[in-house]
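K.L.:
Input sequences plus hints: build the corresponding full structure.
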Amino acid sequence: MHRSSRRSAAPRFDHREHSTVRPIRVQSRNPRWRSRLVTLLAVGCALWGASGCAAVRKSMVYPRANVDSVKLAGVDLKAATIEFGVAVENPYTVGLPVAGLDFALSTEGKQFLEGQADITQTIPAQGNGMVMVPVRVPFAEIYEVVSGLQLGAKIPYDADLGLRVQTPVLGTVRLPMSAKGEIKLPGL
Numbered sequence: 001m002h003r004s005s006r007r008s009a010a011p012r013f014d015h016r017e018h019s020t021v022r023p024i025r026v027q028s029r030n031p032r033w034r035s036r037l038v039t040l041l042a043v044g045c046a047l048w049g050a051s052g053c054a055a056v057r058k059s060m061v062y063p064r065a066n067v068d069s070v071k072l073a074g075v076d077l078k079a080a081t082i083e084f085g086v087a088v089e090n091p092y093t094v095g096l097p098v099a100g101l102d103f104a105l106s107t108e109g110k111q112f113l114e115g116q117a118d119i120t121q122t123i124p125a126q127g128n129g130m131v132m133v134p135v136r137v138p139f140a141e142i143y144e145v146v147s148g149l150q151l152g153a154k155i156p157y158d159a160d161l162g163l164r165v166q167t168p169v170l171g172t173v174r175l176p177m178s179a180k181g182e183i184k185l186p187g188l
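Heads up: the sequence shown begins at 1 in UniProt numbering, then just goes up one per residue.
Don't read these hints as lab results, they were simulated from the structure. Wrong hints could be hidden among the right ones.
[Said to hold, decoys possible] In the DSS-like style, the derived pairs of lysine-lysine whose C-alpha atoms are separated by at most 25 Å in a straight line are: (1) K78 with K154; (2) K110 with K180; (3) K180 with K78; (4) K184 with K154; (5) K78 with K184; (6) K71 with K184; (7) K184 with K110; (8) K78 with K110; (9) K154 with K180; (10) K154 with K71; (11) K110 with K71; (12) K154 with K110; (13) K71 with K180.
Remember, it's a predicted structure, so these values are computed and weren't measured experimentally.
P.N.:
Printed below as a string of structure tokens:
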């Protein structure tokens, strides 16, 4: 055989044997250290995430709403209709759909009526709008809460309102507001 035609096999280099990077092995007397470390990391991440979300929510721009007007829209022998005018300011570059309004009316600290009004209205982009909400207040509801009422009496009320709007980033947001006034009972 001719030596030049035959190649000699060079020894193979095994990089695993000569590697300078070796895995670190931690020996602990307490075998539960891993579960404690994982728990600690999970709690830390949760706290960091919660504080981050709170900071983002504080920096967000919200729409604003306030009760602009309250008027007595109608009275009959059974009920009075109060119309709340709610002014809404939309800071967004898109229209702001109104999703509804919830309300609770009370007198002398006692609630006598609560409910929801379905509203289909959109506040213009970067504009203002007025949402008119009629609320029918049956006199029987007031008589059940306040004793000793006379015909023609004026009953003070507190109204707690919440306008729900669909924001583009935050989803449905409730904008709380309140109003005070009087309801005059019909007289003879």
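K.L.:
Work down the list of hints and note, for each, if the structure agrees.
P.N.:
Hint by hint, here is what the structure shows:
Among the hinted pairs, K78 with K154 is consistent with the structure: their alpha-carbon atoms are about 15 Å apart, no more than 25 Å. Our distance criterion of 25 Å between C-alpha atoms is met by K110 and K180, whose separation comes to about 14 Å. A C-alpha spacing of about 22 Å is found between K180 and K78, which places the hinted pair at or below 25 Å, so the restraint holds. Only pairs whose Cα atoms come within 25 Å are accepted, and K184 paired with K154 is accepted, the gap being roughly 4 Å.
Using a Cα cut-off of 25 Å, the hinted pair K78 and K184 holds, with the two alpha carbons roughly 12 Å apart. A C-alpha spacing of about 12 Å is found between K71 and K184, which places the hinted pair at or below 25 Å, so the restraint holds. Taking the CA atoms of K184 and K110, the gap is about 18 Å. The hint holds against a cut of 25 Å. The hinted pair formed by K78 and K110 meets the criterion: a straight-line CA distance of about 20 Å does not exceed 25 Å.
A threshold of 25 Å between alpha carbons decides the hint, and for K154 with K180 the separation of about 13 Å falls inside it, so the pair holds. Simply put, K154 and K71 have alpha-carbon atoms about 14 Å apart, close enough for the 25 Å limit, and the pair holds. About 22 Å separates the Cα atoms of K110 and K71, which keeps this hinted pair within 25 Å; it holds. Simply put, K154 and K110 have alpha-carbon atoms about 16 Å apart, close enough for the 25 Å limit, and the pair holds.
Using a Cα cut-off of 25 Å, the hinted pair K71 and K180 holds, with the two alpha carbons roughly 11 Å apart.
Hint violations for this structure: none, all hints satisfied.
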